[in-house]
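Trainee: Letter by letter, the chains look like this.
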Amino acid sequence: MAALQAGDDNAAETLVRTHAPRMLGVATRVLGDRALAEDCVQEAFVNAFRKIGDFEQRSSLSSWLRRIVVNQALMKLRSRKAKAETSIDALMPIFDGDACRIEPAWPHLATPDEICEHADRRALVLAKIAELPDSYRIILKLRDIEEMSSREVSELLNLSEGNIRVRLHRARAALKVLLEPILKGEE
Amino acid sequence: MARRSTKSIRNWARGVAYRYVPMMITCQEFEDFVIAYLEGELPRRQTVVFELHLKVCRECRDYLTSYKRTIEVSKRAFQEPGQQIPDEVPEDLVRAILAARQA
Ligand SMILES: [Zn+2]
Numbered sequence: 512m513a514a515l516q517a518g519d520d521n522a523a524e525t526l527v528r529t530h531a532p533r534m535l536g537v538a539t540r541v542l543g544d545r546a547l548a549e550d551c552v553q554e555a556f557v558n559a560f561r562k563i564g565d566f567e568q569r570s571s572l573s574s575w576l577r578r579i580v581v582n583q584a585l586m587k588l589r590s591r592k593a594k595a596e597t598s599i600d601a602l603m604p605i606f607d608g609d610a611c612r613i614e615p616a617w618p619h620l621a622t623p624d625e626i627c628e629h630a631d632r633r634a635l636v637l638a639k640i641a642e643l644p645d646s647y648r649i650i651l652k653l654r655d656i657e658e659m660s661s662r663e664v665s666e667l668l669n670l671s672e673g674n675i676r677v678r679l680h681r682a683r684a685a686l687k688v689l690l691e692p693i694l695k696g697e698e
Numbered sequence: 049m050a051r052r053s054t055k056s057i058r059n060w061a062r063g064v065a066y067r068y069v070p071m072m073i074t075c076q077e078f079e080d081f082v083i084a085y086l087e088g089e090l091p092r093r094q095t096v097v098f099e100l101h102l103k104v105c106r107e108c109r110d111y112l113t114s115y116k117r118t119i120e121v122s123k124r125a126f127q128e129p130g131q132q133i134p135d136e137v138p139e140d141l142v143r144a145i146l147a148a149r150q151a
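For the record, the sequence lines run as chains A and X.
Using our numbering, the first residue of the first sequence is number 512, and each one after it goes up by one.
Using our numbering, the first residue of the second sequence is number 49, and each one after it goes up by one.
Think of the hints as simulated: they come from the structure by calculation, not from any bench.
Everything hinted at is true.
The following label-pair restraints were derived from C-beta to C-beta distances:
#1 Gly564(A) with Gln94(X): 44 to 54 Å
#2 Leu102(X) with Gly564(A): 49 to 59 Å
#3 Gln150(X) with Val677(A): 42 to 52 Å
#4 Leu670(A) with Lys55(X): 39 to 49 Å
#5 Asp624(A) with Asp110(X): 19 to 29 Å
#6 Arg569(A) with Lys55(X): 51 to 61 Å
#7 Arg58(X) with Ala601(A): 24 to 34 Å
#8 Pro618(A) with Leu102(X): 15 to 25 Å
The beta carbon of each residue, even a glycine, is placed where N, CA and C say it ideally should be.
Next comes chain X alone, as it looks inside the complex (with noise of 0.2 Å):
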């Protein structure tokens, strides 16, 4: 038998009792489960198994901490000067839109 390094074997052990202990979910169904918890839509059960499970694990802390870092850091990209609305459209722009409108 292949002998398991003491990463694994903690790693074993996580699945183990995500799998088995009562109220526990592995990390594969927390993942299926982010979108939903995000948008407010998951029932309220499964929320406080996700939130239970977020506690136990470092793994899914840090991914859904830095997932939700991902969203913040594009949202204010597409904020910063140049990217914002732009105030001024070029008055040739109007001009073409309203002749394009009486043609």
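Just chain A, same shape as in the assembly (with noise of 0.2 Å):
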């Protein structure tokens, strides 16, 4: 570490090779595109080595380094060019005058393993949450992807825990709705 800070390079080359493979993983799940993750991680890298003398032991390297890079992706996703978020207000679970949920029957619920071993059935899954827009996609990725907490969300994304998990909450409801005919194997 010592080293690090003092600019060697040799362990600055330890350090890209060790903790690269994870960054670039994280990259690539974030942006959902290996070109756009790899300068993503060399991005971060440049920032990494400009802050590394304030980086202080309270957090591990590699949980810093991925904040880093996990940052330098949400701002690529920012400077995309805009587009008009989708409401997923339709997507929502439905109740009736009564405050009696709307539910439909589930005769079958396919099992996490009967749909990743058809690599079609995985494809649209992943289809379907790149399907949500940013702002809740993000979220469902950072949580219940790379299950970083809602505190480290909250400070990456500059917003309360309790907006998060609200977020959170309907982000997974809406994608619940996508991923019915695929969780009754009707497709």
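Two independent chains are provided; combine them into the complex using the hints.
Mentor: This is the structure in structure tokens:
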């Protein structure tokens, strides 16, 4: 760590070789594009080297780097041509006038194995996740796929933890409706 | 007065029961608790109430089961080959990063 902060070349190379694979994985999942993810990892490392002097061993090096790469990925997403966000209201749970839930019966609920052993079904799941509007999809990916805590995500996105939880819940509920045919084994 | 269908009479009865029986909550109130319940942040008393609703309400049970399955399936879809953390970082990327650092 001291060598790294002193700007040692070998230490820098070791850092890159050790952490780049995991960072590339995170960036690829968040951005959904490998080439974009590679740019993102490069920018993240440039930032990391610039800020390495500020790194305090409060958090682990790998979670510090993860935060930097996610931040960089979020900036990339924001700089893309802003697409008007589609509403997910139509995908929210339905209640009748008596506050009772209207929910179809689920005679069959496919397991993750049953779905993911078919490449085409798995691709469909990924495509459905990609359909979610940015502000929901990002939170779902960071919380459910990258398994970051609400606190970490709230710091990255500058939103309250409460807001993160509400959005996560709405994202999952919407995705559940989008995945319904696949989960029921109809597709 | 409009005639209610059998189904809507059943829902009306559910609604009344959930609203007025002690320790019962409506499906809509249940919905507001879902995320806190799954995060393990629901206070004990509300957890009891939540789980009681889950026992009596087929709709919320099916909802929660398929909601949880949605999370499992998404996690899994990203873990499969091709989506996995790449083991190999292209050598030219490593070089580019180290070159950018010198600049
Ligand atoms: Zn219910």
